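Undergrad: Listed below are the residues making up each chain.
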Amino acid sequence: MPDHSVPLRSNGDPLVTVPARGDGGAHALREASPLPVDGPASDSGQGLLTSTRVLVTAPRHRIEKRTPFLFVIEGIWSWAILAGLQVAWYYWGENVMGFWNWVALAVTLPYAFMSIVVAPWWRYVVARWDVSDTAVCSRKGWWTTQFRIAPLARLQTVYTTRSLFERWLGLATVNASTASAHGTVEIRGLALADAEALAQHLIAIANLDSGDGT
Amino acid sequence: MTGPGETGTDQAEEVLRPDEPAVAEKIDPEAPWQRLSWRMLLVDPLGSLTRLLPLFLISLWLGSNRSNYWFETVVISLVVLAGLLRWLSTSYQVGRTHIILKKGFFSRQVVTVARHRIRSVDTESDLFHRVMRVSILEVGTGRADAGKSGAERFRLNAIDTALVDPLRDELLAHRRALDPTLSEEDEEQWGSKYGEDIARWRITWARFAPFSFIGFGVLFSLWFLTWQMGDMHDRIMDLAVVEGTVDRLDSLGPPWAFVGKAIAVWMVAGVLAVITYAIRYGKYALTDHGQLLYVQNGILRRKHQALDKARLRGVELRLPVYLRMLGGGRLEPIMTGTKKGAAASTLLPQAPIGDVRRVAIHILGDETPVTVGLRRHPWKAARRRLTRGLLPFWIVAGFIILYRLDSGPSADVWVRWGIPAALVFFLALSVDRIRMLGHALLPDTLVTSHGSWAAKRTILEADGIIAWTVSQSVFQRSARVATVSAATPAGGGVYSVVDMDADEAWVLAEALTPGITDVWKHDGAGDGRVSPSMGVRPE
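As given, the protein sequences belong to chains W and V, one line each in that order.
Letter 50 of the first sequence, counting from 1, is numbered 50 in my numbering, and no numbers are missing.
Letter 341 of the second sequence, counting from 1, is numbered 341 in my numbering, and no numbers are missing.
Read the hints as simulated data drawn from the structure, not as lab findings.
Watch out, some of these pointers could steer you wrong.
To be verified - Restraint-style ranges between C-beta atoms, simulated for each label pair: (1) W/Ala-83 <-> V/Arg-17: 31 to 37 angstroms; (2) W/Trp-79 <-> V/Leu-326: 33 to 39 angstroms; (3) V/Arg-416 <-> W/Trp-79: 35 to 41 angstroms.
What the hints assert, rightly or not - Some but not every residue of chain V turned toward chain W, in silico, with C-beta under 10 angstroms: (4) Ala-264; (5) Val-265; (6) Trp-266; (7) Val-447; (8) Ser-485; (9) Ala-490; (10) Asp-503; (11) Leu-508.
Only a predicted model underlies this, so the values are computations on that prediction, with no experimental measurement involved.
Even glycine gets a Cβ: it sits at the ideal position worked out from N, Cα and C.
Please work from the sequences and hints to get the whole structure.
TA: What follows is the structure in structure tokens.
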């Protein structure tokens, strides 16, 4: 398990923009904005949302350093199919690179470059996870980063999965699943022992039996 | 799914083997055992055979010139035999404390439902059922359909339609007794029909039908069917009316011929849509029975279905731009435990927007979420609607230009007409997206609205939210906006506030799910390390 004792704190999390409006940096309370005059009847949350700040820090734990290689393998796999289709197209099209063949190639190449060469390292840089007494959270993605928090009270099952490629690299994925697929926290790229320890930890504190998590 | 009447571990319905002692306790010796209607023997094979129709068509088509039809004979006799066995093996009893259903020929099962736990009685009958005057009846106990196996269902398929209303009256008597507004005269006059009528279908609502995709779906399947039927497609295309119209439109020249044909197809689809809409939603009625909403609809296939308010987590007003221009909308429930897809219920089909709002307010019991003015998003979110909304335009324009490069000056007319038309269309959609974008944070309720072609205003109870996701692309980050998604087990699974101010993203989550942002309250935080832009420091 990564070291819990040294909390990593940063105020430059991509979810909070710096510099903040008003004085005092990203985490200061903003000066109260004028409340809506016509009272609470038509309040759409303006007062609360503009006057409160939530301190956002990066989750403490990173994933294994070898995970980018996993992402590379997975990336190659899906792009290889597309490349194969284009090669087949070339042969069926009487071995001539036609106009539309060039168009397809021009679209495929930059995307393949991004997803095989750039994305894996970017994903590693972004990927982080954390677990507290009340919630589990993960940050993932590359072009679009996703920061997801699920309260432990809402967890339904916790399980680990290992794909073929993950087994090659000795990695595992922990899924803390809720009743909605969009609320399932997926943590990829943990060493097998870490993954099992995390799953055990989550199962122990989440108390999966009480209620049905909806 | 933790309805008010449900406590502890005791099950509302139980599946038992017939020789277990628990069954004997629950059987009421005085109540008679009843069977399904014998007419079900006629309906059941017909229904199964219609579902097997594609198989028959294929087998008839493959072996069209042969003399023996043993395959068809075997299938039909199997289906008839299955129906007969089901009729023989099914019997039910309405006792004083429990209702009991015995079913299964090869493996006998007994389903018992405690009468005080019954919450709803659904009925359903398709065309064959209605001709034979039988209905399918299902007893619900407030448990979600999704979590129920077939064996657990108390489902009578099918009983005499004349028995349905008395049975429903009897089974739901204990729930009506809880309703203080129901007097004795009402009870005598209305029985289980007592309830507040919220909305009823009107024939004028059919005007919205052409502005939906129902008609195109029907048209496509008809077109597909005509292809299957040999020369039918050619025969239709050779009809004098069709040929004359196509010729007249073709004589208009390239851009207008295309527009004219599109309008002609739309008009045909529109007529089909009106018919389909009227068949599917005709006789639609929404009734409020306290804890339950009853939805009835269908002309050929009648449904009378209960929606349990305990499972309702909000509503969604669907306001696609093509309906909104005519002043229409739809209303969908956000419920847990419903099956997705065809079985999911609609609260209100395409209907005037006034009715949609009225029904939504009635169901929520509060008009604020429906009528409150939404908070606008930062101007950069509006700019993003334009840049993103024009993305398909660039793709369309790019393809038109590539097509022009490939096929020469004959495609000039597409460059001249297609590109400006696409620009106007996508620009108008983007402007509409800007108008629809917004959110409101009410006590324990999230209201969010976005989209244009598929615009919707979602009203979601904070209680139904089980996780939060804030996502931000590189472009969103530089525009300082973020998309906040609330995950819920109900309805579509996730409801998002698109492109709200990034600083407010987690505040919104914290306000609706207090304590969700506690993950950041570490001890000993604040060592002052400031990271570069990604929030990550080299360790």
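Undergrad: Give a verdict on every hint.
TA: Here is what the structure says about each hint:
no., hint, verdict
1, W/Ala-83 <-> V/Arg-17: 31 to 37 angstroms, "58 angstroms, violated"
2, W/Trp-79 <-> V/Leu-326: 33 to 39 angstroms, "45 angstroms, violated"
3, V/Arg-416 <-> W/Trp-79: 35 to 41 angstroms, "38 angstroms, holds"
4, Ala-264, "31 angstroms, violated"
5, Val-265, "28 angstroms, violated"
6, Trp-266, "31 angstroms, violated"
7, Val-447, "8 angstroms, holds"
8, Ser-485, "7 angstroms, holds"
9, Ala-490, "8 angstroms, holds"
10, Asp-503, "6 angstroms, holds"
11, Leu-508, "6 angstroms, holds"
Checked against the numbered hints above, the structure breaks hints 1, 2, 4, 5 and 6 and satisfies the rest.
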